[in-house]
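Student: Take the given structure of chain B and dock chain P to it, following the hints.
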Amino acid sequence: GDSVTQMEGPVTLSEEAFLTINCTYTATGYPSLFWYVQYPGEGLQLLLKATKADDKGSNKGFEATYRKETTSFHLEKGSVQVSDSAVYFCAPGSGSQGNLIFGKGTKLSVKP
Amino acid sequence: AAGVIQSPRHLIKEKRETATLKCYPIPRHDTVYWYQQGPGQDPQFLISFYEKMQSDKGSIPDRFSAQQFSDYHSELNMSSLELGDSALYFCASSLVGTSTSPQYFGPGTRLTVT
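Protein chains in written order, with our numbering: chain B, 1 to 112; chain P, 1 to 114.
In case anyone wonders, no lab produced these hints; they're calculated from the structure. Note that CB positions come from ideal geometry on N, CA and C, so glycine has one too. Warning: the hint list may mix true and false statements.
[As the list claims (entries may be wrong)] Chain P is nowhere near these chain B residues, computed Cβ spacing over 12 Å in every case: (1) 20; (2) 42; (3) 67; (4) 79; (5) 84; (6) 85; (7) 90; (8) 103; (9) 110; (10) 111.
[What the hints assert, rightly or not] Which residues of chain P face chain B? A partial, calculated answer using Cβ under 8 Å: (11) 31; (12) 33; (13) 48; (14) 55; (15) 56; (16) 90; (17) 102; (18) 105; (19) 107.
The following block holds chain B by itself, in its conformation from the complex (with noise of 0.2 Å):
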């Protein structure tokens, strides 16, 4: 079945220090992927998707590029801030409705 691998945290960065998570998946075709953010106690934020191969998507300093050829869809920012703490969750979409599959989550600290 779809499966998605995802960076293990917990990753723990000073503030303005680059940042890279590490996902990549398995699935039948080619479904949409997306990042999702779940901050301390709320519910999960569409963060930034992605529906084909070479998109990038983006949002909030974020950026992902759908990589088809190593099923890969790393995040990125450049400089990440203390408000950026969180729980970060890729998940691409699968089945005709598009369920999503989500990975383990890598829990982000920005540290000032």
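Tutor: Chain P only, in chain B's frame:
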């Protein structure tokens, strides 16, 4: 902008009791998804509905059932509750649910089974 509404936000039940969770999707969204997130776990897909019909089924126990009503809200009914059912239950909605449609999540219902 209106978001997905879930009620109740917190629920405490005893073993073997029943629980009903409600989800009100974003206006005009026709697809609803339910996910379960155990403590420290990633969310797991339970079930989805499109235009009031069940569209996909994931790891939903037979003790659970769900439906989507004519106003598109959905209810997740859970019976014979077990300790392991304690989790955060998320509802998400999308417009014309397909693999390209982003899902928008509600704040979740935290169910505690004692």
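Student: Let me make sure I understand: some of the numbered hints might not hold for this structure. Which ones are they, in numerical order?
Tutor: 2, 7, 8
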